[in-house]
Structures are given as structure tokens and as C-alpha cells.
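**Q** With the hints as extra help, turn the sequences into a complete structure.
Protein chains: 2
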Amino acid sequence: MNLIILKENLKRGLDIVERITGKNLTLPILNNVLISVKKNLLKLSTTDLEVGINYWTLTKTEKEGKITVPAKLILSLVNSLPNKKITLEEKDQVLNINCDNYNVKIKGQSPDDFPIIPKTETTDFIEINSIPFYKGISQVVEFSSLNQTKPEISGIYFNLQKNALKIVATDSFRLAEKTLYFKDGMDIKKETSFIIPQRTARELINITSEREDKLKMYLSSSQVLFELSFPEGNQPQIQLVSRLIEGKYPNYQEIIPQKYETQVVVSRDELISQIKTTSLFSGKTNEIKINVNVNKNKMELFAQTPEIGENKSEILVKAEGKNTETSFNFKFLLDGLTNIKSDEVIFGINGIEGPAILKPVGDTSYLYVVMPIKGN
Amino acid sequence: MNLIILKENLKRGLDIVERITGKNLTLPILNNVLISVKKNLLKLSTTDLEVGINYWTLTKTEKEGKITVPAKLILSLVNSLPNKKITLEEKDQVLNINCDNYNVKIKGQSPDDFPIIPKTETTDFIEINSIPFYKGISQVVEFSSLNQTKPEISGIYFNLQKNALKIVATDSFRLAEKTLYFKDGMDIKKETSFIIPQRTARELINITSEREDKLKMYLSSSQVLFELSFPEGNQPQIQLVSRLIEGKYPNYQEIIPQKYETQVVVSRDELISQIKTTSLFSGKTNEIKINVNVNKNKMELFAQTPEIGENKSEILVKAEGKNTETSFNFKFLLDGLTNIKSDEVIFGINGIEGPAILKPVGDTSYLYVVMPIKGN
Chain V
1 MNLIILKENL
11 KRGLDIVERI
21 TGKNLTLPIL
31 NNVLISVKKN
41 LLKLSTTDLE
51 VGINYWTLTK
61 TEKEGKITVP
71 AKLILSLVNS
81 LPNKKITLEE
91 KDQVLNINCD
101 NYNVKIKGQS
111 PDDFPIIPKT
121 ETTDFIEINS
131 IPFYKGISQV
141 VEFSSLNQTK
151 PEISGIYFNL
161 QKNALKIVAT
171 DSFRLAEKTL
181 YFKDGMDIKK
191 ETSFIIPQRT
201 ARELINITSE
211 REDKLKMYLS
221 SSQVLFELSF
231 PEGNQPQIQL
241 VSRLIEGKYP
251 NYQEIIPQKY
261 ETQVVVSRDE
271 LISQIKTTSL
281 FSGKTNEIKI
291 NVNVNKNKME
301 LFAQTPEIGE
311 NKSEILVKAE
321 GKNTETSFNF
331 KFLLDGLTNI
341 KSDEVIFGIN
351 GIEGPAILKP
361 VGDTSYLYVV
371 MPIKGN
Chain B
1 MNLIILKENL
11 KRGLDIVERI
21 TGKNLTLPIL
31 NNVLISVKKN
41 LLKLSTTDLE
51 VGINYWTLTK
61 TEKEGKITVP
71 AKLILSLVNS
81 LPNKKITLEE
91 KDQVLNINCD
101 NYNVKIKGQS
111 PDDFPIIPKT
121 ETTDFIEINS
131 IPFYKGISQV
141 VEFSSLNQTK
151 PEISGIYFNL
161 QKNALKIVAT
171 DSFRLAEKTL
181 YFKDGMDIKK
191 ETSFIIPQRT
201 ARELINITSE
211 REDKLKMYLS
221 SSQVLFELSF
231 PEGNQPQIQL
241 VSRLIEGKYP
251 NYQEIIPQKY
261 ETQVVVSRDE
271 LISQIKTTSL
281 FSGKTNEIKI
291 NVNVNKNKME
301 LFAQTPEIGE
311 NKSEILVKAE
321 GKNTETSFNF
331 KFLLDGLTNI
341 KSDEVIFGIN
351 GIEGPAILKP
361 VGDTSYLYVV
371 MPIKGN
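Protein chains in written order, with my numbering: chain V, 1 to 376; chain B, 1 to 376.
If you're looking for bench data, these hints aren't it; they were derived computationally from the structure.
Derived pair list, reagent style BS3-like, types lysine-lysine, alpha-carbon separation capped at 25 angstroms:
hint : chain 1 : residue 1 : chain 2 : residue 2
1    : B       : Lys72     : V       : Lys312
2    : V       : Lys38     : V       : Lys85
3    : B       : Lys331    : V       : Lys107
**A** Structural data, given as C-alpha cells:
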């Protein structure tokens with residue numbers, strides 16, 4: 001292997017593939033990036049056996065070949081080199097890197113030991129705009145469950161219909177649903193659902209937030225492949241392959257309340273700011289009380305820890321329905337509110353037992369359900 | 001106690017005094033700020049028994065009095081309040097804070113339990129410009145020893161002469177000396193030296209970097225007090241009182257080399273950048289080799305870890321004296337170089353046993369001495 005590449009191009013690729021490598025002690029080769037060169041393309045590959053990423057970039061190839069080297073080391077190295085041409089040459093499983101006045105040798109491992117990143121099992125794909133896609137995933141990705149005893153809710157649920165894609169996550173305390181509407185309809189045979197690991201969703205955000213583009217999605221029974229092509233032509237530039245999580249996602253629609261005993265329309269920023277102040281006194285339970293006085297169009301926030309102190313503050317709101325006094329985990333409220341982008345939010349409360357809802361005013365594409373802390 | 005104050009004024013004071021409070025479990029009152037009001041001045045005080053800080057700000061006082069409350073809590077609270085007038089009222093050792101729609105109560109502790117922050121024992125002081133003073137301390141403060149078995153080098157050494165103030169720190173592996181020259185001379189009777197804790201030095205940087213001003217220094221046998229006045233008039237605005245470290249500072253002048261076997265003049269940025277790249281291969285010892293070829297005006301950096309790889313890189317320099325091959329801890333070199341502000345630096349090397357020196361070209365006010373790693 002022998003090639004010349006611009007620092008910037010090598011750095012961009014390594015930045016993307018390095019993220020899923022770690023410090024794997026049982027299988028150290030997973031810490032490596034597989035560098036392979038064919039014709040005028042350099043391919044970088046990494047995998048953690050759950051997700052795999054391939055990245056291609058143009059190069060001036062003198063000799064084809066391949067090698068694997070520690071991903072974090074070569075990224076740190078490339079970051080520290082001057083912004084010039086870099087020569088990469090493999091010799092006896094050592095990668096020689098020359099740039100300006102620098103002569104670097106990195107000890108490699110045989111590419112034969114590197115796990116195979118599976119290829120697509122299907123040629124059918126659908127295309128999605130990358131920008132709304134990554135923004136949508138970002139609004140739900142943090143809410144999947146960390147509890148591995150229920151693997152199906154540890155991932156992000158995708159439900160693909162002809163006219164919409166729903167992206168959902170829940171940890172059973174709260175749930176977020178984002179809907180991407182397709183104006184022109186999707187060329188799919190039937191409604192399809194699948195669950196991807198949270199890690200995959202994070203990497204998807206990372207690769208699709210790079211630029212506005214058509215993202216191809218190839219779905220098969222046990223894996224999904226996402227692909228972005230080079231801006232010109234059909235040659236893949238980035239591929240992300242992930243296993244799917246087995247199991248049946250809970251019938252989450254059932255817990256989304258359609259009616260609210262108390263409905264409040266409130267300024268998002270004002271509510272966030274009052275929750276933050278009140279939370280200083282919420283103690284270990286993170287509990288803050290929300291009282292709504294419908295006649296006075298007033299919402300009151302309250303928290304107290306006897307040995308520390310208390311805060312009471314109020315906001316003028318537009319309120320309907322019944323007066324209520326309900327407690328919430330302030331962190332869960334903030335998590336929902338910071339993912340809502342509108343100036344005003346609808347806060348629907350269903351007493352101390354029923355699920356509450358937060359959603360933007362004038363936008364049906366996002367909703368966030370949160371369970372109250374039950375009264376004593 | 002009852003007063004009205006602008007949020008911004010209260011926040012600025014709390015920002016400064018809160019830093020030395022912590023989570024002290026044995027003496028919880030040290031986590032508190034003492035708030036006391038007299039005439040139209042609010043005074044905030046904190047101490048960790050080594051350093052104490054007083055901060056005064058103007059207020060509209062309704063009733064004089066005092067209370068202590070947890071410093072980090074009240075700072076977080078004030079940060080989260082709207083940018084408006086705040087009312088502080090003490091009642092039965094509870095601090096009531098009202099601002100806009102917020103009604104906060106913070107449980108206080110009796111001011112009688114708060115340690116007394118010592119006053120000045122002398123009325124003699126000298127005045128120093130705050131800006132060069134804090135910049136000078138910043139260039140040495142990180143190099144004092146963490147080893148508490150030699151308390152005298154755990155602090156920062158000040159040597160005050162008629163025409164200059166020297167500020168020194170060392171951990172016995174490296175040493176930094178900053179000299180502030182006084183154009184007009186200082187009104188002092190005799191040369192004076194003292195050692196302040198590193199913590200004190202850090203807080204001094206924090207208070208003196210606020211604005212250009214005359215800093216008053218009151219020195220007595222066991223403590224030092226630094227004071228900044230309100231921009232108009234002589235009323236103190238910030239006071240920092242610190243105990244001094246007992247003991248005799250080592251005669252550090254002896255180890256500053258006056259001659260170098262090898263002298264190199266080199267671009268600071270280029271050297272930093274090559275050290276960073278080379279350090280990736282320095283392994284656990286942090287060791288990088290520096291070879292100087294005087295005839296070729298060339299400096300070569302080299303590091304190697306057999307199981308990882310190596311880097312060799314070179315810089316064109318202006319070299320004099322003998323060829324050399326000396327090893328250094330790369331972190332120590334970077335620490336010195338990042339505190340030198342000139343484009344070119346002088347690197348004086350005295351073989352594998354003698355202390356080396358780094359200093360700016362064309363500026364005698366700073367020097368950094370570093371011991372090589374002895375050859376095997």
C-alpha cells in the first residue's frame with residue numbers, strides 16, 4: 001500500500017469512523033481502523049460488532065493494499081500534522097506516514113484479523129432527506145432506556161409508513177415521538193417497523209448532520225444500512241451498518257393522552273427558567289410541584305427541602321379544565337422542553353396518576369409524554 | 001437585615017467569593033458565605049481558613065444585619081434569577097429572597113459560628129499594577145510542588161526588591177521565574193521575601209484580572225492582605241487575606257544555568273507543534289529525545305514505543321555550542337513553552353545531567369528551567 005492524500009481529507013474520514021472505536025481489551029483489533037486502498041479510493045472502516053462504518057475518500061494511489069492501525073492514535077497524529085500532503089505506505093505491517101518534516105511509523109495489525117462489516121442483503125432502498133432526519137432523531141435519541149433487561153426499549157423505534165416516518169424512544173418514565181411527514185409519499189409496499197440501538201442512532205446523527213443530502217436506507221430482517229453517496233455520482237461515501245434490536249416495541253400509542261384534565265399554554269423560556277430556579281430546592285427526589293389555578297390563569301411552581309430552603313414562583317398562562325396540583329421530576333420536564341423549539345408550549349396534565357404531555361404550539365410533529373410523581 | 005440590590009452586583013460578588021468555598025463536611029459553615037449589611041454596603045465574606053475573601057458592593061439598605069447561607073446554592077440561585085432588583089431579608093435565620101415572580105427561602109446558619117477573617121496587622125502597604133501582576137503570577141502558578149512534605153515549595157515565592165518583584169515556583173523538576181520591574185522604584189525599607197499558598201495565588205489572579213487598578217499589598221509576619229478599592233475613593237472593594245507558608249525557600253538562583261553547552265534559537269509554535277506530534281509515541285515515561293546538530297543548524301525530535309510506533313521530525317534552528325542528544329519529559333517542555341509569549345525562544349541545553357533553560361528572545365523578565373531525563 002502506498003498513497004498520497006491531503007491531511008484534511010484523511011482527518012475528515014478518521015473523525016467519522018474513529019468514534020465507535022474504544023479501548024476494547026478482549027478484542028483489541030476493534031480499536032483499529034482498517035485502511036484499504038483500491039484504485040483511487042481510500043476506504044476507512046471501523047466496527048464495534050454492533051455498528052460498522054465505512055468511509056471513502058479520494059487519493060492518489062501508488063500501490064493498492066491494506067493495513068489496520070489504532071484509530072485514536074492515527075487520528076491524534078493526523079490532527080497534529082501540518083495541513084499538507086501526507087504519504088501513507090505499508091511495509092511489513094508497519095504504516096509509514098510522511099508529512100513535511102515528520103517521519104512516523106505506526107505498528108499495524110493484520111487486516112485478516114479485522115471483522116467483516118456485513119454488506120447489504122437487499123438492493124431495495126428508500127431515500128430520506130438527511131437534515132430533517134438527523135434533527136428528528138436528535139429530538140428523541142436521549143430518551144431510550146438504559147435498562148438492558150428490556151432490550152427493545154433500549155433502542156430507538158422507527159415506524160415507516162407511506163406518508164410518514166415516526167421515530168420514538170421511551171424509558172417508561174417518559175416518551176418522545178417525532179413524526180417526519182413525506183409530502184410525496186414513500187415507495188414502500190407495507191408499513192414497516194424496526195428498532196436500532198441508541199449507539200447507532202447517535203452515529204446516524206453524526207454522519208447525516210454533515211451535509212444536506214439524500215440518505216439511502218436499506219432494510220433487511222436483521223440489519224439496516226444507511227448510505228450517503230459522494231456529492232457527484234453514485235459511489236458511496238459513508239455507510240453505516242447496524243444490527244437491529246429483536247423484540248416487539250411496546251404499543252406506545254396507548255399511553256399518549258388524547259385529552260387533558262388541565263391544559264396550559266405557557267412560554268417555553270419562562271417555564272424552563274422557573275423550573276431551573278425551583279429545582280435548586282427539589283432535593284434528591286428531583287420533585288417539583290406544579291399547581292394550576294385555571295380561573296386566575298396562573299401556574300405556580302414549588303419545591304422544598306427542609307434543611308436547605310424552598311422556592312415558590314408563578315407564571316401567567318392560558319389555562320383550561322380543572323385546577324390541579326401535580327408533582328414531576330424536574331429533569332424530565334426540562335428534557336422535554338429543551339427538545340421543543342416553539343416559543344409557546346402546550347402542557348397537558350392528567351392529575352397525579354395520568355400521563356402528562358408537552359408539545360409545541362402549532363406543530364403536530366413532536367410530542368413528549370411524562371409520568372407525574374405520584375402523590376403520597 | 002433587609003436590603004435591595006441589583007442582580008448583577010450580587011452575582012459579581014458571589015462569583016468572586018464562592019470559589020474558595022467547597023463541600024467541607026467537618027466544618028460545614030466554611031461552605032457558607034457571610035452576608036452582612038452596614039450603611040449602604042453589603043459585604044460578602046468566605047474563607048477556607050487558609051485564604052479569606054471580602055467583597056463589598058453598594059446596596060439600598062432598609063435594615064442592617066447579617067446571616068450566613070450556603071455559597072454555591074445562593075450563587076446558583078442568583079444566576080438563575082431574572083436580571084432585576086433582588087430583595088434580601090433575614091428573618092429567624094432564614095434568608096428570604098424576592099425577585100420578580102420568585103419567592104425563595106434559604107435556611108441560614110448563625111453568623112456567630114462563622115470564622116473571623118483576620119484584619120491587617122499593619123498600615124504599611126505597597127502598590128502594584130494589577131494587570132502585570134496577575135499576568136506574572138499566571139506564568140508561574142502551575143509549577144509549584146504538589147508534594148506536601150516540602151511545604152515551602154508547595155507555594156509561590158515572592159521576592160520584593162526596590163526595583164523589582166520576583167515571582168517563583170518550582171516542583172524541583174522545573175522552575176519558573178517571572179520578574180516585574182518597577183520603573184520608579186518601590187518605597188520599601190529592605191528586600192523582603194515570603195511564600196503564599198498556590199490556592200492564594202490562583203485567587204489573586206482571579207481578583208486582579210478583573211480590571212486595571214492599583215493593588216495594595218499589606219505584609220506582616222504571618223499573613224498578607226491584598227486589596228482593591230472601589231474605582232472612586234478609598235473604600236475597599238475586594239480584600240484577600242492569606243496565611244504565609246513558613247520555611248525557607250530554596251536558594252533557587254543557584255540552579256539557573258548562566259551558560260549553555262548548546263544554545264538553540266527556535267520558533268516557539270513550530271517547536272510546540274513537533275513536541276505534540278512526537279509525544280504521541282513517548283509512552284508512559286513522557287520521554288522525547290532532542291538531538292541538536294550545530295553544524296547543520298538542525299534540531300531533531302524523536303520518540304519511540306516499540307509496540308506502538310515512533311516519530312522523528314526536524315526543525316531548522318540557529319544553533320551554537322556542542323552537538324547534544326538529551327531526553328526531556330515532553331509535558332515539562334510544553335508547560336514552559338506555553339508560558340512564553342515571544343515568537344522565538346532560546347533553548348539552552350547542558351547535556352544529559354545539567355539543567356536546561358527556555359526563555360523568550362528579547363525579554364529578560366521570564367525564564368523556565370527544566371531538568372533533563374538522565375541517560376541510561
